[in-house]
Amino acid sequence: MVEDGDEPGITSPDYVVFRTRPGVLHHRWFYYWLRSEGGEDLIRSLARGAVRERLLFKRLAKGTVHVPDWNTQQSVAQLMLSTGLC
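In this text, residue positions in the sequence shown follow the numbering used here: the first is 257, and each later residue adds one.
Where hints are given, some of them may not hold.
[To be verified] Using C-beta positions, here's what the derived DEER-type ranges look like:
| # | residue 1 | residue 2 | range |
| --- | --- | --- | --- |
| 1 | MET336 | ARG275 | 16 to 22 Å |
| 2 | SER331 | GLY305 | 34 to 40 Å |
| 3 | SER338 | SER301 | 16 to 22 Å |
| 4 | ASP260 | GLY295 | 18 to 24 Å |
| 5 | TRP326 | GLU259 | 15 to 21 Å |
| 6 | GLY305 | TRP326 | 23 to 29 Å |
| 7 | GLU259 | SER292 | 16 to 22 Å |
| 8 | SER301 | GLU259 | 26 to 32 Å |
| 9 | VAL307 | SER331 | 39 to 45 Å |
Please keep in mind that the hints were generated in silico from the structure rather than gathered at the bench. Even glycine gets a Cβ: it sits at the ideal position worked out from N, Cα and C.
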């Protein structure tokens, strides 16, 4: 995850870079959720591969995530930032 003000960088062509939609999905909330047990379960259920499991963006886009309302996401994201959780 790249925060506002961070230096831009180069990423592998194996990765897909995307932005969340303000007012719909808060980037920090989603990043924290994706790294949570629920996110890990979703990733495991969608990842495929014989030698190395991969989660392609097309598969992630089909996943279902319960997203709280925008105000709750903002509050949680601010709390995570102030406590250093992310």
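Taking the hints in turn, this is what the structure says about them:
1. MET336 <-> ARG275: 16 to 22 Å: Given a distance of about 18 Å, which is inside 16 to 22 Å, the answer is holds.
2. SER331 <-> GLY305: 34 to 40 Å: At roughly 37 Å between Cβ atoms, GLY305 and SER331 fall inside 34 to 40 Å, so the hint holds.
3. SER338 <-> SER301: 16 to 22 Å: violated, 32 Å
4. ASP260 <-> GLY295: 18 to 24 Å: holds, 22 Å
5. TRP326 <-> GLU259: 15 to 21 Å: Holds: the Cβ-Cβ distance is about 19 Å, inside 15 to 21 Å.
6. GLY305 <-> TRP326: 23 to 29 Å: Taking Cβ atoms as reference, GLY305 and TRP326 lie about 35 Å apart, which means the hint is violated.
7. GLU259 <-> SER292: 16 to 22 Å: This hint holds: roughly 19 Å between Cβ atoms.
8. SER301 <-> GLU259: 26 to 32 Å: With a Cβ separation near 29 Å, SER301 and GLU259 satisfy 26 to 32 Å, so the hint holds.
9. VAL307 <-> SER331: 39 to 45 Å: holds, 42 Å
Comparing the model with each earlier hint shows violations of hints 3, 6; every other hint is respected.
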